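Peer 1: Chains as they are written, first to last, in my numbering: chain A, 1 to 916; chain B, 1 to 303.
Worth double-checking, as some hints may not be accurate.
[Unchecked claim] In silico lysine-lysine, DSSO-like type, Cα no more than 27 Å apart, as pairs:
{"hint": "1", "chain 1": "A", "residue 1": "Lys129", "chain 2": "B", "residue 2": "Lys15"}
{"hint": "2", "chain 1": "A", "residue 1": "Lys293", "chain 2": "B", "residue 2": "Lys191"}
{"hint": "3", "chain 1": "A", "residue 1": "Lys84", "chain 2": "A", "residue 2": "Lys163"}
{"hint": "4", "chain 1": "A", "residue 1": "Lys281", "chain 2": "B", "residue 2": "Lys47"}
{"hint": "5", "chain 1": "B", "residue 1": "Lys47", "chain 2": "A", "residue 2": "Lys67"}
{"hint": "6", "chain 1": "A", "residue 1": "Lys659", "chain 2": "A", "residue 2": "Lys866"}
{"hint": "7", "chain 1": "B", "residue 1": "Lys40", "chain 2": "A", "residue 2": "Lys44"}
{"hint": "8", "chain 1": "A", "residue 1": "Lys795", "chain 2": "A", "residue 2": "Lys600"}
{"hint": "9", "chain 1": "A", "residue 1": "Lys44", "chain 2": "B", "residue 2": "Lys88"}
These are calculated hints, taken from the structure and not from any lab test.
This structure is a prediction, so every number in the text was calculated from the model and none was measured.
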Amino acid sequence: MSLQWIKFILNNEPRNVLTDPERTLLDLIRKDFSLTGTKKSCNKGVCGACTVLIDGRPVNSCVYPVKNVNGREVITIEGLGTPKNLHPIQKAFITVGAAQCGYCTPGMILNAKAILDKQLNPTREDVRKAINRNLCRCTGYQKIIDGILLAAEFIRNPEAMEKSSHETRKHFYLGNRVPQLNSVQKVTGTLEFPIDVNVYGICHAKVLHSPYFHAKILAIDTAEAEALDGVITVCTHKDLKENKCSMNMRVLADDRVRFWGEPVAIVVALNEKIAENALSKIKVEYEELPHYKTPYEAMKEDAIEIQPDEFPGNIVYAQNLLKGEVEKGFKEADVVVESKYTTPANAHAYLEPSTGIGWIDDEGRICIYCPGQSPHSHQRDVAWVLGLNENQVRLVEATTGGGFGARLAPFIQLLTGLAVYKARHPVRLELSMEEDFVVYPKRHPFNIKMKTGARKDGKIVAQQAEVVTDAGAYALASPLVLVKSIIHSCGPYEIPNVKVCGRSVLTNNTPSSAMRGFGVPQIAFATEMQMNKIARLLEMDPLELRKINCLKKGSVTETGQEITEPPGYLETIETIKNHWIKCKKYTNPETIRLLPPHIKRGVGFASAKSGIGKEATLNYARAIVEVIQGGKIRIREGASDLGQGANTVVAILAAEELKIPLESIEVISADSLETPDCDKTCASKQTFYTGNATLGALQKLKIKAYNAASKELGISEDDLDCAEGLVFAKDDTSRRISFEELVEKGYELKAENEFKTNLKPLDRETGQGDVYVASSTYGTTAVEVEVNTDTGEIKVLSVATCFQCGKAINRLGVEGQLEGGTVMGLGFALQEKYNTGETRGFRDYRIPRSKEVPDIYTYIVEVPQKLGPYDAIGLGEASVVPVAPAIISAVYDVCGIWIDQLPATPEKVLTALKKV
Amino acid sequence: MILDNFEYIEPETLKEVTEVLLSYGPEVYVLAGGTDLVVKMHRGTVKPSCIIDLKHVMPVLRYIELDSSQELIRIGSLTTFNDLVTSKLIREKVPVLAQAAGCVGSRQIRSRGTLGGNLCSALPSADTPPALLVLGARAVLAGKDGERILPLNSFFKSPGQTNLFPGEVLKEVEIPLTGRENRGCYLKHTKRRALDLALVGVAAFLEFNNNTISECRIAFATAAPTPVRAYEAEDVLRNKPLPLEKEVIASAVSAARSCARPRTSRRATAEYRLDMIEVLTRRALNNCLSTDDYNNCGGARNE
């Protein structure tokens, strides 16, 4: 390595650095200048997270050699604005809620600057085109485009910006559009993700991955690697007290590797280069075994059992469901539709690659800072595999750049935990995006055979289904995903006779586990397709058919649970109908007439129902609220904020309950030491469970404060009220005392609360019973689609989506979830497919880019759900569900073909078109 | 990036390059723009023991010039795609080549990647070979015994293999000009909307004389193990009077399909590629025959 002086201007400061000229600019600015606002994601020039401006032009700094920067001017996010002095683009991004997890945000903002420097009056399409180089998985691009357009307005007219910053009225948060609490850090790049942590003198860990899909490990020889200069230690499964942890995971492969890329060993060394070199010195002797890529191969009689002790016959779980008499039902039917559907494995494809920072604190505790969705259960897992007590481990998962379900699995936690435990020295384990893609679990591929019968009048009388899911090499959440899909097999419809058989099967694919929707998008694809096919056969309006069969108050679901509150489903259908009357933009007859003959357009609909919380089991959340210095309120809860805005929801509840401004609320979350256990951050349950726990704690706090104030002021508790951090007499606000004074006088203003619901597990044969305490989320989606009949390409032109969530606590957050979920559904429908051993990152795995995403119209229906905090329930996952069936049904509308196998690639469309 | 050790040579002249090539044999890799080789080294799929960097030869082999006879364009093998896209000469005389070069990768790739690299990598998916094939281009090769000229259609041997002799280097590409009225077009179909390899690519070139198609050439990318011409399809159109009947174009299109031998890969099946060859050939021919603006690289997409 030779060194060279490189002279350039960095954020308006002239710099002259002596460095290896072949390094990437990203590496230089992150490591040498500690400017970690520039994010590292794919590291291959594909995603745009590392965008900086060089001489005013956006460049992917991860593939830009330092030598080329000589004599040029570089601007990073740090050079644009600071938290105290925000740039108009940053202000606009905050105002419209353009940052969810915040990982793509700095790159997006710099790209936005390049756009606006060129043109201050861009159109929506200009912006859509210009940000095509930057990927975002959370927002669906809608709010980012809004943000850039608003920024243009701010720059053109600074008064508008002044006005907008004064607009947020005090004490009016509930149901308003509230930017996330840490928006300022996100737009300035100052939110420190684990990968951004730079600790001087920290050791680096690297993971050895399996090169086989399925092989016996005959021997692992680490001696040569350990003998290398600079290697601290090499860990294998032998260093673990227990290798198996909850959810049937292995930390490191034991006597077998069961999927391609499975972690086999970890090296800890003084630097990354030594660690990588040491990996190549580990000798592993493998004996390759036959491997299975589909559940059907793995279920054959002569198939080798992948985990013979746990899952004989490779069957992970079986769940059936029986309601009414399905044979009798089919006899009543005038039309019967039977089809086979398959859905692919999907990657969560968040932009932040997983990094774990591990250290041992003064009390000898193993501490891990990493992205995750479940600090407390991960704490238990790490303690279990290392043979420690729970209180000897601390997990902090407070800053996570997107999760979508993958980060429920404790991969980075266990690997970092083992590395630091054995090395006894601070360790940094950074997975590359490729490694992250390979080891983290995926969405279950589903194979569904479904038969549905309906009467001429549109009433669905019977439905029968057989479901086989591909669990991958380890079970993880497979049983739960299977159960959730089966108890949603009738969607938002009341069907009297139902029979479903479900099985989840081990294969040698990357393990499948939770992903946004948890099995519902897959099963709903089948159910909704069946509904749309029946509507066609009966020549009925698809929305009318849904109205005839919809769940209402008093209906009984497929699991025999009665719906006790108006679910709000019909309202979503009506909303979409209304939208349709006004906004059929691309498919009105005049527009269609002007199209060339190979371009055809049509419309499609679908609906969704998705339960809140984990089904048929224990759900809980705990929260602690207290008055701290300055009369501020501190909320502590254990849920992770992955970008979905859970912390903001909790803060809004507190602001509303105590009538105080958001600025006087502090939320600490997702730290196993500092916060109480809120279970896993999954299943759209934070608003309902953590929200309820917090609200309960706030109410207890209020009682304590009234009690104390009543003593101090001599007024009965019933005559007291509170606002602005003060407790006062209802009839005379001058008789008052502040929270702060009460604390100073020695009253303990601190309250703890638990919100818990417990339901019995379902019977495995009949699947009957109560599955949810809260109501489910319901929604309907309509799409306009264009098909190119020459090439088979499908383009979605517009999406309107409407969901019911009881009460939108934060409108901005709800819209963000709806838009992001819709785009994820679009990827699921048209382009995303993960293949174990082949897909290694964003280059092969195409998530939708801005140009592939249409404008999305979101509608929110609020039918109060009285069990929720301020009548609210969650909706994070549900928006994914109806998109794929709506698009595919639109394709049928266009050209008369049903694509039953997702994703609907151009090839499949063209093949199907030829058969027509 | 951590790379294994390899020997690194920077020859100063073309002669030195051929000498080094001869003395090292097949283990050696030639580095031009690096947009292919460096990526492969990054991924670990190529582990060279020796690399010849052409950077010092670059200035000598980076040119686009009109031969004094006015009948030949000479393009140095280290000319970048961007040079081709921005060259006035190329845009005026052989716009189909500018079109094809403009389809390659991203702007960054186009300013590094070279025409010679694109040809010598001999990948079936490369964009410039079909354009050069329809232009009737020839490769000028420099070896230890001097230069020889090889028509481009006998340049490619198999995927990744050319018909260069040991020690030979591609010096330049020459494109003959006939002075007759002509139209050319390159269309590419990709899976992504940008930055992607061609699922298939089709180049078409028509020359007109007295209201007749006096010459027709059609070539494909990713339709066979090497870039190929579609001779049967060309025969259908050659010497046909204008305006062409729809049926004639249709039979040329189906002849084009039967000339292609694509394979099924993870990115697309053979069947789909054949379908796209039909679509693109039809569009490319229509573009050459119509008076509309055809000078954009829109692929099969309607945007």
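Peer 1: If you test the structure against every hint from before, which numbers come out violated?
Peer 2: 1 and 9
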